[in-house]
Each structure stands twice: as structure tokens, then as C-alpha cells.
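Number of protein chains: 2
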Amino acid sequence: MPQSVVGPEIERLIQLLSRLPGLGPRSARRAALHLMKKKDLLLEPLARAAAEAAASVSVCSVCGNLDTRDPCSVCSDPLRDASVLVVVEDVGDLWALERAMATRGRYHVLGGTLSPLDGIGPDQLNLSSLMHRAQDGEIKEIILAVNATVEGQTTAHYVTDMLAGTDVRITRLAHGVPVGGELDYLDDGTLAAAMKSRTPF
Amino acid sequence: MPQSVVGPEIERLIQLLSRLPGLGPRSARRAALHLMKKKDLLLEPLARAAAEAAASVSVCSVCGNLDTRDPCSVCSDPLRDASVLVVVEDVGDLWALERAMATRGRYHVLGGTLSPLDGIGPDQLNLSSLMHRAQDGEIKEIILAVNATVEGQTTAHYVTDMLAGTDVRITRLAHGVPVGGELDYLDDGTLAAAMKSRTPF
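Here the protein sequences come in this chain order: W and Z.
Residues in the first sequence are numbered from 1 upward in steps of one, following the UniProt record's numbering.
Residues in the second sequence are numbered from 1 upward in steps of one, following the UniProt record's numbering.
One chain only, chain W, in its complex shape (with noise of 0.2 Å):
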């Protein structure tokens, strides 16, 4: 856009909504101007709660969560197994469990996957707190609740590698049939491994 059209601050807001994902340019300027026309119900709160939120948001030391205080809101629940550790590679796959309520273990948060080639090797994961959790004794069993990717799976590979010497029981999510899916519209891998890991009805 011309520079002309719209001041400096609209711009500059209209860059910023650009680089959220899911925000392309085009959107990212409707974005700004749904904001602007609800400038009392909207633009304000959100510069308030993005201030507050960047404020207030940080690591948990203990998991690698994000949330606003530390250790985490999960990591501090006392009515969490203690027992159970599930291992995932992002906050949003965490998320993504609690919303599920796949799990009442705690979590760790590897921050990302192993992938040489983008020069993300085992240091640049939270891999060595991971052992330390896993050597303190209070963990049975791991679960890695990682993505079923290549590199998903390479990093589901190390970790357990890597734990070997512990006596931690580790498992990982099953794969199959999503609920809901159609058999037509499902890869050969998933199907084959649905068919291997058949359950009695």
C-alpha cells in the first residue's frame, strides 16, 4: 500500500497482524481495520492483553511450558500424577492434550525435533532436563506424544536411545484410525498400522 493512504501506526500494525500464522497480508489488513472500527471493544483490550500477556508469560523451568507463572500451572497441580511423564515436542501439542484430556501425568516440552539439517541436534532440545527428571525416580513411565513425522518419530528413536539405562517404562501413542476418519481417505502406512494394532470388539 501507498504509503500515503494510511499513517505510520496503522502500518506498522498492519505488518505486525502479517506475521501471525494464518494472517496473510490481505487478511492482516482486514484484521487491522475490524480492530480500528472497534477500537473500545477490541484494538484497546487486545494492546492491553498483549502487554499483559508479555508481561507476565515465561518458560517453566521444570517443563518447558509457556505460561504466566513458574513452574507451570501444570507442573504445580499437586492432583497431577507424578508418575506419569508425557514427552512432546511444542507447547501447542500440550495444549492440544489438555484440551483432550488425554492425560493427568505432567509434561515435557522438548522444543522442537531433532533435524540436522536445519542444525537442530539433541543440544538445542530440553533433552538433558528430561534425563534429569527421568533419574530423580519419582517417574514409572514415559510416554512420548510426539508427531507421527519422520522427524517426530527419528526424535521418539534418540530419546528412548537415550534413556535406556534408566528403569522408566516408555510408551507412545498408538496409531490408528482417527475417530471419525473414512478407511478411503487414509495413507496405506496408517491403515497398515491400524490392521497391525487391531483390538478385540
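Heads up, some of the hints might be wrong.
As the list claims (entries may be wrong) - Calculated cross-link-like contacts (lysine to any residue; reagent style SDA-like; alpha-carbon spacing at most 25 Å):
1. W:Lys38 / Z:His34
2. W:Lys39 / Z:Ser58
3. Z:Lys39 / W:Arg30
4. W:Lys39 / Z:Asp118
5. W:Lys140 / W:Val168
6. Z:Lys196 / Z:Gly180
Don't read these hints as lab results, they were simulated from the structure.
Keeping the supplied structure of chain W fixed, place chain Z upon it in accordance with the hints.
Showing chain Z alone in chain W's frame:
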């Protein structure tokens, strides 16, 4: 998401982001996570930009545009052709025409279209100020650049009737095949209009 997983500041940020056009609850969570991961690069600048925009943006008292000054940059640009006035429904349409560099005239933002069922009558739109501008003698042509929807065309007819007594020339945008468009995918109305308004090649 259960209240326990993320703090209220994060919850509030997600909730506000989910009200942006183009972002649903899921993508709002993803956007919030992305912002928090890049706190220094994205979340804090966004908080500042939103606060600055909220503090500086106002509606132009002349044309209804949103800008950081009043009159807006378009209205106060001396190089603009003061004899041409482009009537648009919304600020987004003004921006679109400016991006396309479609005109060197000035604008008048109606702020919507006539829609009796939604309670939007002539008094809810910036029509009286349009009448005043049309009568001040400087404007020779008013271009109705409203959407080619039923509401847009109804509004265009209303504006034409309203301006009938003035000696301003009233025009509207051409209907036709969009540049890059394929005939097979166009609706009948567009094809008929394009045929009717065919031009020498």
C-alpha cells in the same frame, strides 16, 4: 481449554485474537502461542503498535476514512483531484482502490449499505455529508464504487436519486470479466453485463 492449563492473561489474549476476521478459536491459539514464543520480536511490538494505533486512529471528519490524522492523508493531499469524488461502502474498499491506484480523486466512505432488515437506513450512513460535499460546487463527478451486490446497487440507486437535483455527473464502476478471469467460471449476470458493455478491440 480447561482454566488450569494457561493463565488468565493468555486466555484473554487468545479470546481477543479469536475475534479477528480470518482467525477461529484454533488459529487464535496458534497465533497466541506464536506471539508468546517470539515475545521480544512479536508480542511486545504488537502490544505497542496496537496501543499506538488505538491512541492515534480517528475517523476523518471529511470523508469517513480511518487514519492517524484528521482530515485524513487523502483528504489533505493537495495533489488529489478535488473535482472527482469516489463513493465507497467501507474503508477497506478505499484501501483497495488506493492499492490499485485506480483513481486520483478523493473519497467518501458511506460506512455501509442500506439494509432495512438490519436497521440500516439513510440516517445510519454518511449521506448528508455527501450531499453537502456534492453541493459545494467543487465536485464535478461522483463515482459510485460500491460493491456489485444487491445492497450495494440499492444504495447506489438511493445516492443517485438523492443527488438528482445537483449538476454533478454520476458514474459507476464498469461490470465485466475480471482481469485474469475465465469465462467458464463466471456467473451469467457478469457475462451478460460484459457482453452488453463490450468495447472496440
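Each hint tested on the structure:
Between the alpha carbons of Lys38 (chain W) and His34 (chain Z) the distance comes to roughly 24 Å, so the proposed pair stays at or under 25 Å and holds. In summary, the hint linking Lys39 (chain W) to Ser58 (chain Z) is supported, as the alpha carbons are separated by about 9 Å, within the 25 Å threshold. Distance check on the hinted pair: Lys39 (chain Z) and Arg30 (chain W) sit about 24 Å apart at the alpha-carbon level, within 25 Å; holds. Restraint check: the Cα-Cα separation between Lys39 (chain W) and Asp118 (chain Z) comes to about 22 Å, which is no more than 25 Å; the hinted pair holds.
Between Lys140 (chain W) and Val168 (chain W), the direct Cα distance comes to roughly 5 Å. Compliance with the 25 Å bound is thereby established for this hinted pair. This hinted pair checks out: Lys196 (chain Z) and Gly180 (chain Z) have alpha carbons roughly 19 Å apart, not beyond 25 Å.
In the structure shown, no violation is registered for any of the earlier numbered hints.
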